[in-house]
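Asker: If you read the sequences in order, they're chains A and B. Just so you know, this note's numbering puts the end of the first sequence at 295, numbered straight through with nothing missing. Just so you know, this note's numbering puts the end of the second sequence at 295, numbered straight through with nothing missing.
Note that these hints are calculated values from the structure, not bench results. Don't take every hint at face value.
The list treats identical chains as one, so a pair stands whether inside a single copy or across any two.
Here are the simulated lysine-lysine pairs, DSSO-like style, with alpha carbons at most 27 Å apart [to be verified]:
| no. | residue 1 | residue 2 |
| --- | --- | --- |
| 1 | K212 | K178 |
| 2 | K172 | K207 |
| 3 | K91 | K106 |
| 4 | K89 | K153 |
| 5 | K216 | K293 |
| 6 | K145 | K89 |
Number of protein chains: 2
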Amino acid sequence: MKAKREALVSLFTAMREGKVDEDIIDLLLLINSINGVYTTSSCSGRIGIMEEPDLGAKPLARWLIKVHRPMEFEEARGALRNAEKGLIFLKSQPPIFHIVAEDLEGARRLHELGLSSGFKYTTFKVVSKRYLVEINATEYLTAPLGRDGRILVDDEYLSFAVDLGNDMLRRSKGRLPRLEERFRALREELGGDELFYELAERFEVKLR
Amino acid sequence: MKAKREALVSLFTAMREGKVDEDIIDLLLLINSINGVYTTSSCSGRIGIMEEPDLGAKPLARWLIKVHRPMEFEEARGALRNAEKGLIFLKSQPPIFHIVAEDLEGARRLHELGLSSGFKYTTFKVVSKRYLVEINATEYLTAPLGRDGRILVDDEYLSFAVDLGNDMLRRSKGRLPRLEERFRALREELGGDELFYELAERFEVKLR
Numbered sequence: 088m089k090a091k092r093e094a095l096v097s098l099f100t101a102m103r104e105g106k107v108d109e110d111i112i113d114l115l116l117l118i119n120s121i122n123g124v125y126t127t128s129s130c131s132g133r134i135g136i137m138e139e140p141d142l143g144a145k146p147l148a149r150w151l152i153k154v155h156r157p158m159e160f161e162e163a164r165g166a167l168r169n170a171e172k173g174l175i176f177l178k179s180q181p182p183i184f185h186i187v188a189e190d191l192e193g194a195r196r197l198h199e200l201g202l203s204s205g206f207k208y209t210t211f212k213v214v215s216k217r218y219l220v221e222i223n224a225t226e227y228l229t230a231p232l233g234r235d236g237r238i239l240v241d242d243e244y245l246s247f248a249v250d251l252g253n254d255m256l257r258r259s260k261g262r263l264p265r266l267e268e269r270f271r272a273l274r275e276e277l278g279g280d281e282l283f284y285e286l287a288e289r290f291e292v293k294l295r
Numbered sequence: 088m089k090a091k092r093e094a095l096v097s098l099f100t101a102m103r104e105g106k107v108d109e110d111i112i113d114l115l116l117l118i119n120s121i122n123g124v125y126t127t128s129s130c131s132g133r134i135g136i137m138e139e140p141d142l143g144a145k146p147l148a149r150w151l152i153k154v155h156r157p158m159e160f161e162e163a164r165g166a167l168r169n170a171e172k173g174l175i176f177l178k179s180q181p182p183i184f185h186i187v188a189e190d191l192e193g194a195r196r197l198h199e200l201g202l203s204s205g206f207k208y209t210t211f212k213v214v215s216k217r218y219l220v221e222i223n224a225t226e227y228l229t230a231p232l233g234r235d236g237r238i239l240v241d242d243e244y245l246s247f248a249v250d251l252g253n254d255m256l257r258r259s260k261g262r263l264p265r266l267e268e269r270f271r272a273l274r275e276e277l278g279g280d281e282l283f284y285e286l287a288e289r290f291e292v293k294l295r
């Protein structure tokens, strides 16, 4: 499976460069060790403050702060000082995984697994030559805070919104152990992938 | 197709009871008139203020106001006076369509059609005995405004957030004509559905 080999090399290279979210490294290794299954892009869930030049101008957006754990009030407050131009949003986003299966039956298993682990926005993104499942949850917060460097909320509101975003993040991340458990069961069933273990050794990846 | 018959009866009954969003009735009729294709649930896009008793307690949520067109500032302000208990959110949500196709090939056509009309969150929700495609967009606003009847934002912020939510709604609804155009082309290709026209006549549905 050439595509899986390429995906694994990308993952291991990104890990070496410290570009993979620490708190899901073990889970990503687990998923990729399953026969016929591999991940493309993933995020462990995050909260932060984003500046968007204009509505829908996502490619030009920049994070003033972005963390993969609950954010401190002071961090948020400090980051807002760097706001310059465009819409300012507090964003909280759940973990998200893009996972490819070799065939439709495998994709169905991933889909079920995501839903039954509490990730209610789990869908099939691509159903053609390859099968791509997105495991995603509903805890999205998109709170506008101001525009063009001007903050329209006070500290009490900011603290309230940051707490809420943190609660949502904790809630969605709280499902990761259940997800891991189910992927472990799936590996039992579908078996481990020799290609994975061979490449992991070559890249000196620590497996637990 | 027994399932389509039931879906059509539901749709025509809901229309008779005034429960279908006016601004997408013609589009829904068009989609359902296509051979082998029918809608289950849909929304034309909306903005409003929602009260949720607790995080994740969606079934217990209630709308203080909800409209399928841009919302006036005074409407929002008035609705907030009725806030009582739980988290208060300003929400703006794009149009969403759940559409069933008879086979995988049909579902793929719907999926492509949604994406190419600018609905970037178009996915396959179910890929089993039936094929369900969700046509959905990215313009979601979820702005917390306060809790337990207490509003934590001022009028300037509320006006800013309502304007932003309205802009997002206009932007996503602005894609509906393109979507309609592509469904019209799909009907040319797949043909009209006799069952649809027969039931529409029985329910005295006006077709344009």
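Asker: For K212 vs K178, is the C-alpha pair at or below 27 Å within one copy, between two copies, both, or neither?
Answerer: For K212 and K178, both the intra-copy (23 Å) and inter-copy (25 Å) Cα distances are at most 27 Å.
Asker: At 27 Å max between alpha carbons, let me know whether K172 reaches K207 within a copy, between copies, both or neither.
Answerer: Between copies only: 26 Å across chains, 35 Å inside a chain, cut-off 27 Å.
Asker: How do K91 and K106 come out at 27 Å by Cα distance, when the copy is not named: within, between, both, or neither?
Answerer: Within. Shortest intra-copy distance 19 Å satisfies the 27 Å Cα cut-off; inter-copy 48 Å does not.
Asker: At most 27 Å between C-alpha atoms: does K145 with K89 qualify within a copy, between copies, both, or neither?
Answerer: neither (32 Å within a copy, 43 Å between copies)
Asker: Could you place K89 and K153 in one of the four classes (within, between, both, neither) given a Cα distance threshold of 27 Å?
Answerer: neither (34 Å within a copy, 50 Å between copies)
Asker: Cα distance capped at 27 Å. Does K216 pair with K293 within a copy, between copies, both, or neither?
Answerer: Answer is neither: 32 Å inside a copy and 42 Å across each miss the 27 Å cutoff.
The structure fails hints 4, 5, 6 (numbered hints given earlier, in ascending order).
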